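Chains as they are written, first to last, in our numbering: chain B, 1 to 168; chain Y, 1 to 180.
Bear in mind the hints are in silico, worked out from the structure with no lab data behind them. Hints may be right or wrong, so weigh each one.
[Said to hold, decoys possible] Pair by pair, the computed Cβ-Cβ distance ranges are:
(1) Y:LYS29 / B:TRP139: 43 to 49 Å
(2) Y:ASP37 / B:ARG140: 33 to 39 Å
(3) B:MET87 / Y:LEU73: 34 to 40 Å
(4) Y:PRO74 / B:PHE133: 36 to 42 Å
(5) B:GLU101 / Y:LEU24: 48 to 54 Å
(6) B:GLU101 / Y:LEU19: 27 to 33 Å
(7) B:TYR109 / Y:TYR71: 24 to 30 Å
(8) Y:PRO74 / B:GLU88: 32 to 38 Å
(9) B:PRO125 / Y:ASN55: 43 to 49 Å
[Claimed, not checked] Some chain B residues close to chain Y (C-beta under 8 Å, calculated; not the full set):
(10) PHE41
(11) GLU45
(12) MET61
(13) THR71
(14) VAL74
(15) GLU81
(16) MET85
(17) GLU101
(18) ARG102
(19) GLY104
(20) TYR109
(21) PRO111
[Unchecked claim] To give a feel for the contact side, a few chain B residues facing chain Y, derived at Cβ under 8 Å:
(22) PHE39
(23) PRO60
(24) ASP77
(25) LEU78
Please read all numbers here as calculations on a predicted model, not as lab measurements. Don't be surprised by glycine CBs; every beta carbon is placed ideally from N, CA and C.
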Amino acid sequence: MIFLAAYNIQLRCVSVLSLLVLTVSLAVTPGASAQVDIFEFDTDEQQQRFRRLSNEFRCPMCQNTNLTGSTGGVAEDLRREIHRMIMEGMTNPEIEQFMFERYGDFIFYRPRLRANTILLWFGPPIFLLIGGFIAFGVWRRARTINPANVALNENQQARLKDLLGNKQ
Amino acid sequence: MNKLKFFMPVIGFIALAILLWRGLALDPKTLPSMLIDKPMPAFMLTTVEGSAVSNSDLPDQIFLLNVWGSYCLPCLIEHPTLMRLSEEGEIPVIGVNYRDRQDLAIEWLEDNGNPYAFSILDEDGRFGIDLGVYGAPETYLVDADGVIRFRKVSVIDERVWEEEFIPAIAELRAESDQPQ
Numbered sequence: 001m002i003f004l005a006a007y008n009i010q011l012r013c014v015s016v017l018s019l020l021v022l023t024v025s026l027a028v029t030p031g032a033s034a035q036v037d038i039f040e041f042d043t044d045e046q047q048q049r050f051r052r053l054s055n056e057f058r059c060p061m062c063q064n065t066n067l068t069g070s071t072g073g074v075a076e077d078l079r080r081e082i083h084r085m086i087m088e089g090m091t092n093p094e095i096e097q098f099m100f101e102r103y104g105d106f107i108f109y110r111p112r113l114r115a116n117t118i119l120l121w122f123g124p125p126i127f128l129l130i131g132g133f134i135a136f137g138v139w140r141r142a143r144t145i146n147p148a149n150v151a152l153n154e155n156q157q158a159r160l161k162d163l164l165g166n167k168q
Numbered sequence: 001m002n003k004l005k006f007f008m009p010v011i012g013f014i015a016l017a018i019l020l021w022r023g024l025a026l027d028p029k030t031l032p033s034m035l036i037d038k039p040m041p042a043f044m045l046t047t048v049e050g051s052a053v054s055n056s057d058l059p060d061q062i063f064l065l066n067v068w069g070s071y072c073l074p075c076l077i078e079h080p081t082l083m084r085l086s087e088e089g090e091i092p093v094i095g096v097n098y099r100d101r102q103d104l105a106i107e108w109l110e111d112n113g114n115p116y117a118f119s120i121l122d123e124d125g126r127f128g129i130d131l132g133v134y135g136a137p138e139t140y141l142v143d144a145d146g147v148i149r150f151r152k153v154s155v156i157d158e159r160v161w162e163e164e165f166i167p168a169i170a171e172l173r174a175e176s177d178q179p180q
């Protein structure tokens with residue numbers, strides 16, 4: 001939320017072209033990432049894993065915000081849990097399983113491939129394929145129309161001439 | 001055959017419209033609980049008043065587990081219903097004091113009345129995570145074997161009690177056929 005607020009301020013500043021306020025809001029933005037840095041890690045690798053995991057889990061309370069960007073109570077608790085599990089030496093799949101057992105598919109921005117997420121994963125390519133087939137069919141039919149079939153025969157030509165002649 | 005082909009896009013459109021229309025009726029804030037038909041997570045904590053409490057202290061009959069906090073305004077809305085249920089002895093109500101301060105929780109219970117047989121103190125929200133809680137109020141229906149059978153996110157007032165909990169409890173009772 002802090003980050004969002006700062007971002008909002010930035011947007012507004014750009015629109016009124018107030019360079020001064022833009023500078024102020026830019027100066028405020030780095031403070032938002034301090035949220036991640038209150039945890040201590042032994043190695044850079046652990047810290048990077050923490051960043052990656054809290055970016056990939058979705059906050060169950062605020063929805064459409066990841067754990068990193070959320071100031072919700074439950075997000076705070078879950079970040080703390082991720083930190084604890086990393087420090088206890090749990091692997092990423094183990095941490096993901098921990099989250100899944102409690103919050104389900106919703107917690108993942110990239111849901112697991114399961115029976116009830118299959119449509120989510122394969123729906124778009126299936127629709128693309130269907131659309132592709134239809135487009136191909138239309139294109140093929142347009143191509144196979146023989147100009148000879150379209151051309152008028154003598155009788156029709158005569159009638160056309162007659163009609164046009166009458167009009168003129 | 002050709003007629004069918006002609007109507008295909010219309011049929012497709014209607015099917016999609018029905019699907020999306022139904023989707024509008026879903027509440028995106030209500031997530032399905034992962035703990036349905038799973039046993040209550042193990043806990044060894046204290047009550048809000050400070051005495052030790054664990055799974056063995058839970059009632060061995062169907063009960064409500066209500067997640068609350070002194071900061072939680074909707075909890076005040078459902079409070080009269082919980083008070084009535086517990087005063088009339090309709091069902092035992094156990095509280096989970098979620099992400100709150102002990103002194104504020106005690107004060108809240110004194111000010112508003114205490115519908116809970118006891119409230120589990122979960123100051124750091126760790127027990128809440130095991131339950132899959134994402135914010136107070138939430139109410140779980142737990143059966144006599146300590147298995148979670150139903151969850152309601154947000155307020156349980158008289159209407160929600162009538163429409164959702166009474167049928168769910170009736171179903172549980174019919175299934176286990178236990179005398180109450």
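Could you tell me which of the numbered hints above are not met by this structure, giving the numbers in increasing order?
-> Hints 2, 4, 5, 10, 11, 13, 16, 20, 21, 22 not satisfied by this model.
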